[in-house]
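> These protein sequence lines map, in sequence, to chains A and B. Per this note's numbering, the very first residue in the first sequence carries number 1; after that it's consecutive. Per this note's numbering, the very first residue in the second sequence carries number 1; after that it's consecutive.
Rather than coming from a laboratory, the hints here were simulated on the basis of the structure. Hints are all accurate, no fakes.
With a cut-off of at most 27 Å between alpha-carbon atoms, the simulated DSSO-like pairs for lysine-lysine come out as follows:
#1 K295(B) - K105(A)
#2 K427(B) - K105(A)
#3 K236(A) - K219(B)
#4 K219(B) - K309(A)
#5 K105(A) - K421(B)
#6 K97(A) - K188(A)
#7 K309(A) - K141(A)
#8 K309(A) - K236(A)
#9 K427(B) - K295(B)
#10 K236(A) - K141(A)
#11 K97(A) - K421(B)
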Amino acid sequence: MNELVFFINNVIVAGSVTGSIYAIGAVGVTLIFSIMRFAHFAHADMMTFGAAMVLLLTLAFPGVGSAVGLPTAVVMLPLAMALTALLAVGVDRAFYKPLRAHGVKPIVMVIASLGVTLMLQGVIRLFAGTSGRSLYIGERKEIYRLELPFEAITRPVIVTEPQVILFVLTIAAVVGLHLFLSRSRLGKAMRAMSDNPDLALASGINTNTIVAVTWVIAGSLAAIAGTLLSLDVTFKPDLSFFLLLPIFAAAIVGGVGHPYGAIAGGFVVGFAETLAVFNWTVLLRPFQQHFPGWLELPRNLAFVGTEYKIVVPFFILVAILVWRPTGLFKGKVIT
Amino acid sequence: MTDTPRSQPPARRFPRREVILFAALLVAVLGVYAMMGVAYSTRMLVEAACYAILALGLTIQWGYAGQFNAGVMGFVALGGFAAMFFSIPVNDAFWDSELPGELGLALLYLLGAALVVYGATKLDRLGVPKRLRTVIAIVLAVVLYLAVISVLRGVTGEIESRAGFIGGLGLPAWTGWIVGGMLAGGIGYFIGHICLGLRSDYLAIATLGIAEIIKAFLKNSDWLTRGTATVSPLPWPTPGAGDLGFVLSRSLYLSVTAVMIAAIFFLLHRAYHAPWGRMIRAIRDNEVSAAAMGKDINRRRLEIFVLGCILMGIGGAALTSFNGIFDPQGFLPLNHTFLVLVMVILGGPGNNLGTIFGAVAVYLIWIMSEPLALFLMQLAVSFGEGVFGWDAPGHLGSRALQARVFVIGLLITLVLRFAPKGLLPEKVRHHG
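Based on the provided sequences and hints, a complete structural model is requested.
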């Protein structure tokens, strides 16, 4: 039954990790879409920016974490969130707002956000370098091995410290967002503006405030997602387009403009990715003797190699656009 | 434009702006010739000409029809692959073994599996309930896919270990250019068919994705492209540098690309002023009224998207052939997507002349910015060391080049804000 543990480690745990990261990213994209009506291509680089801020802060103040009992990077996360939120609002003021004031088509905003992507990439690489770095500086990644209480299972289920932090933070972010959107005045105003901007304006909602709040939320969520991703593996400044596709796929799967849908979509895409690169031979091998003799199991029975991982979100995107363009949860009308 | 009275047709004005801009460009090109030598400058011009073809492809999509393609790189890479595959010599180690047969068999399996799955999706015509049909089709697709892919993996692994890669076809380079255009057009049709009826953002997302996928495929299919090991040298359609020397051979190549640009320019010009061009602009400017006039919007959009992709494939093939090396990792979003985008929006989307101007001008600045950035960085460092005793960080060269990423991004946002119509705006003629 060790194969089952292998499956849990490689699919359930890994899928939840990638799923959470995509979900947090996709929520930001979908919020921006529902308020400002354009696909924000610079989101992946905002995530990287947040992680880069954490990296720089960790380099500047090492050893803060040991005082609290958490990795330094996690202690620095709130500060990085604030900085990224500030960046998001600043970028909006400097680059998107004038275009919005001109009343340009959404696709022009998309191109502008691509310009912002490049600028962010340049800034990040200028300050954080181009190579991958670990966010654990002078600290050790704790690894928890959970032994399962069965006779047949000798291997432990492995969960690392950043993964535990990731699950906790994801749940906190989702619950917090839910409370904000459903209970607070500002959250309700946001939903009103997402449903009908003109009506929201007419009923006295300050749309400028709502836009700023959206950027603050999207920026801080992006910082969380980027940092968690970098904690789990390493900080890579060049992930941009490889993150963007799964996040957009998640947002579209969940129905654009639908925050809860985006969370579900993130997990759908995350699990689909891990399931697609999982080698199914491992699970089928115990049943080898039950197969007919002519059927020989190949050594590698994964749907796609890990190097083609990016095909999975694209395939999901295409499938959803063909069969159900409004997404699983009936998002905004998309024409 | 609106203040021109209908009764008197507007006089043909002297194209002052165009003449000034092109004269300035000519001076700049001559300056480069004087500074950097003839061979280098001719190489730059050839590359600029290839980029001009790419830019013309994008200006059709973005300028004529308002479709934003964020994956030019993918189509360039496809064109480059076709140019490589058709022009390099035949690999006898592959063709003399039984491997071609095995590969052909695997591809036949693939075709057969695709047909079976397609047939399964039509089972409802035979009275099978639709839900059951979907389940059957999906299960069949998964099982057959896994079977075929494992056969294919075996064959390709065998090719890699015994013959290296399957080699080329040994045909003239221009056949590869044509096929490259067709390949890019085919992928463009696939993407356009899915996305063009939806919001314009989705096309940008999908093209961005397909570009990365094409690059990943070319990079990791060692049996087809040698992957990161790269393929070189690629033959030219014109006599190479060995026969004629650098300057003459490059000039010959330049004249080939110039003829191509002239042909494309002429055809586009005619199409733009033909009823077809008017219809395309009508769709771009007011979709609803164009639809009310009975125009098949999605079909026209698909037409123009595929046309643009074909041009990008051809341009990419010409560019790769000229570089003489097929390196899948050398296709970068910055160099092959965003640079082309800057050329188009700076030059004037929808204006072919403006696009060509933008292509040459931007490429000139781009090429010259590398030594310039390094020079400025060196200057800053020596200044800093001399005055403050500042210790310069390492990797200065690569960091200076990162600044170009920033500048390109800034340029895109600034142009969109302050000159959304570009330097040579599209001239909309009013037919009175």
